[in-house]
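Put chains B and C on the given structure of chain A with help from the hints.
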Amino acid sequence: MKSDASKLGFYLLLAPILLWLIVLIILPHIGLFMVSISEKVGPREFETGFGNYAAFFGEPLYWRTFARTAIMSILATALTLILGFPIAYYIAKLTRGRTKTTLFLMCMIPFWVSELVRTFGWMILLRETGVISTTLQRLGLVSGPVELLYNDAAIMVGLVYTSILFMVVPLVTTLDSLDDSLIEAGYDLGGTSSSIMREIVIPHAMPGIVSGCIVVFMLSLGNYLTPILLGGKDSLWFTGMIYTQFITRFNWELGSALGFLLLALSSAIVFLGLKLSKQSLSNTMGRT
Amino acid sequence: MIPTVPRPAFAKWCYRAYVTVFFIYLALPLTVVCIFAFNNSVFPSPPWEGFTVAWFFGTEAPFIGVFHERPILRAIGTSTFVALWVSGLAVAVGTCNAFLFVRHEFKGKALLYMLMLLPLIIPGVILGISILVFSSTIANTLEDATGLWFDGLRPGLILVILGQFSFITTFATLVISARLQKFDPSLEEAALNLGATQLGAIRQITLPFLMPAILASAIVSVLMSFENFNTTLMLVGSDSPLTITMFDKLKQGSTPVLNAVSLLLIVISAVLGLFSLFFPKSKR
Amino acid sequence: MTNIESDLACRDLTKDFDGFRAVDHVSFDVPKGSFFSILGPSGCGKTTLLRMIAGFQSPSSGDLRIKGRSMIGVPPNRRPVSMVFQHLALFPTMSIGDNVGFGLRQRGVGRSEIARRVEEVLDRVGLPGVSARRTDQLSGGQKQRVAIARCMVLEPDVLLLDEPLGALDLKLREHMKVELKSLQAAFDTTFVYITHDQSEALVMSDNIAVMNQGRFEQIGAPHEVYHAPHTAFVAGFVGDANRIDARVSAVNGHFLTLTSAASTEMKVKVADNSLSVGQGVQVFLRPEAIELSKTSKSLDGDHNVSQCTVTSVLFNGANSSVIVRDAGGNMINVAMPQTGSFADLHAGDMVFTSWHPNKARCYPLARA
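Residue numbers (the working numbering), protein chains in the order written: chain A, 1 to 288; chain B, 1 to 284; chain C, 1 to 368.
Everything labelled a hint here was simulated from the structure, so no lab data went into it.
Idealized CB from N, CA, C, for every residue including glycine.
Don't take each hint at face value.
[Claimed, not checked] Cβ-to-Cβ under 10 Å is the rule here; a few derived chain A residues that face chain C:
no., residue
1, Gly9
2, Glu184
3, Thr192
[To be verified] Computed, partial: chain A to chain B, Cβ under 10 Å:
no., residue
4, Val23
5, Ile25
6, Ile30
7, Ser114
8, Leu116
9, Met123
10, Gly130
11, Leu139
12, Tyr161
13, Asp180
14, Leu225
15, Leu236
16, Thr239
[Said to hold, decoys possible] Computed list of chain A residues with no C-beta within reach of chain C, every gap over 10 Å:
no., residue
17, Phe10
18, Lys40
19, Lys100
Chain A extracted, bound-state conformation (with noise of 0.2 Å):
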């Protein structure tokens, strides 16, 4: 540090960020975690103990809820990918110029655009009086009605498109920094279509892939609006429980606990990502 006043303003620059990390991000999970090894014993009375953790475990419901939010974030996850990636590389090498713009700009307008009314749009599509059902009787394959809402497969329809997004743009960015020429090379040295694919774009998409991968899978887990509302009441998504248990029955207790299950999954999830893939979470998430 050259002067006193550059030290001032250095600690002016840190106050902040200092202020809003430690006082809404550490605190609050440090204060969540406390709260979820206390024990109700009587009215405003508490023990240390992990009896919340041990109601989880032992209780099916919960537990099985949690594993199923899991698999069904992982495969929305891996859905996503799936879709996405061929989008991504079809604006990001295939098309040039305006057309490139406009595709990836109809990629982003239902980003901008609040989760309810995607929700909602695919609710009046699926629902048993919906677009979809309707347009079917009128066909002539169905006879009557279908219910295509409150089932796993639309939450999966809705989580993947609440999603998709998230997986397509940082997949665009990563694929256009790609120089067209390395493809090239490798088809000049022989390689093939898939050789290609496995040994140097997938490579070069990897931080990409990865940090898409992170946040569709956090917002899959963390999701609360597509698996009530396109999964209907019975959907048993982990967000649900902990809102009951806070909302509903005012257990925060338990719910910390659960919500404290959640973070910790979610983070594992990530760090694995990250230990599997080589790559890092400032390298990952800091580009998007």
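Leaving out everything else, chains B and C in the frame of chain A:
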């Protein structure tokens, strides 16, 4: 693969077909939402009963349009209030963070940067409950100690603003840092050399350069705040923002009023979003 | 028509892009094991031509044969050619060894065999033991050699090089010219090299094709292209030359008398004369073809002699030159003799220039 490598026509055709289907999938939900905002029926579903703008301007039950529906108008006001606060705070702190991370070298910088990114990977619901639990604990402690009431720490707009701010700031920091990184420090040095003070140089040279990024992140912050649901749900008190109001209405059974609100939201977000993308470019 | 001895043969190769003809009826043969350069200014179509040979563009018409086999419709990954890209296109996500072994892996060569051949070829380009390194740990010249090794390990019939020296600094570029030439000799493979730098082409090539606006202006050995350019473009593009606009004032067999725009006279000898009196011409004269002297006496009577004023002396070591102005006001660039006898020359000095009539090249003025 790429245009310069010859591919079979059939493969090309299949690829294009897939891309087309994908974009239809993308556009379909938003399109139906918009179309049914004009359906002359009390349910936002087929059959089509004819065109009407009653869901926007209607005054007679059951056709009460958005512009005469009190709860929705109030919710829009609440959302705007929250969004402006969140956006202002996030951009202010984000700008400070950008200067801190781009201009300063200090011990623990990498760690602090990692911490700054954390809100991106914490599910919104968790962010919401952790702030709820923490603020309630403080409120309880303070109330027990002083016997006064601390309503600001109970679910309500202040907590909603803080909750949204806690993760939107990360986005603002990333956008503004990216722009600051492109800034050539020798411009500032030139200003100092010409007799400007340190702060004067930043105000007259650096901040104008950052302005496009600051505006873009302000707009994106407003959009993110407007559409946020998960964090807000946990922290909301009696005044609910638009998404929460719409969610409650949707649970009770939907009417085309929701389509009308959605249509307005789609149009406004698209316009703001496009503006945030093109404004920085036109200034570059 | 196709020469069996040629590795690469093009016949009337043409490429059109929406109304713009990038390559215009180009025909040439590249003999086996030779170094062939395509030299031309940027935008002349040389990159398009090279990319057609590699298979990244398909010709609008014409034929392209490698070892006698037509390549029309053959995708790039099935062609027996390899390419060194302008920015080398080393795969940044792979080690050096994986880069070089890439082509062999595509062919399904066994793992140990790949390792052996990669080491062998890296050894041949003078980079033994680097296979485990990352591409960004190499210097510019080393990357260059890795890019060549990556192609040569596949033993291609033809190696294409797309201005690979362009990104290097001057010193390294001079060094790599010599190195490329010796690598080509060592591998005994046909090299097709495109460049806009005439010195690269002159130093390395067995044959040079000079390309302009989609056409080949001349194909020949470097000394032919330099000393006997077929067209005004070649004379102007390859090497330095003084260009003088003039008009034919008299024709006497192979000897022409020309009058420059500034009404000075000169005599020029041409090989076969198609010019007539009154026609406008361009005269090209190499700086090193002009002799300098301080007095007019010892000069040959056949020579074109004129008295000039030195306007500036450009010292550049062995390439030093003098710019002089003749009586008619033409500015002429003259190579400084290496004897040192003109070391004391200054601006404003009077000198005599002389050159033999057969040293100049003379072309009818372009209709444009």
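Against the structure, the hints:
no.: 1; hint: Gly9; result: violated, 36 Å
no.: 2; hint: Glu184; result: holds, 6 Å
no.: 3; hint: Thr192; result: holds, 6 Å
no.: 4; hint: Val23; result: holds, 8 Å
no.: 5; hint: Ile25; result: holds, 6 Å
no.: 6; hint: Ile30; result: holds, 8 Å
no.: 7; hint: Ser114; result: holds, 4 Å
no.: 8; hint: Leu116; result: holds, 5 Å
no.: 9; hint: Met123; result: holds, 7 Å
no.: 10; hint: Gly130; result: holds, 6 Å
no.: 11; hint: Leu139; result: violated, 13 Å
no.: 12; hint: Tyr161; result: holds, 7 Å
no.: 13; hint: Asp180; result: holds, 5 Å
no.: 14; hint: Leu225; result: holds, 6 Å
no.: 15; hint: Leu236; result: violated, 15 Å
no.: 16; hint: Thr239; result: holds, 5 Å
no.: 17; hint: Phe10; result: holds, 33 Å
no.: 18; hint: Lys40; result: holds, 54 Å
no.: 19; hint: Lys100; result: holds, 19 Å
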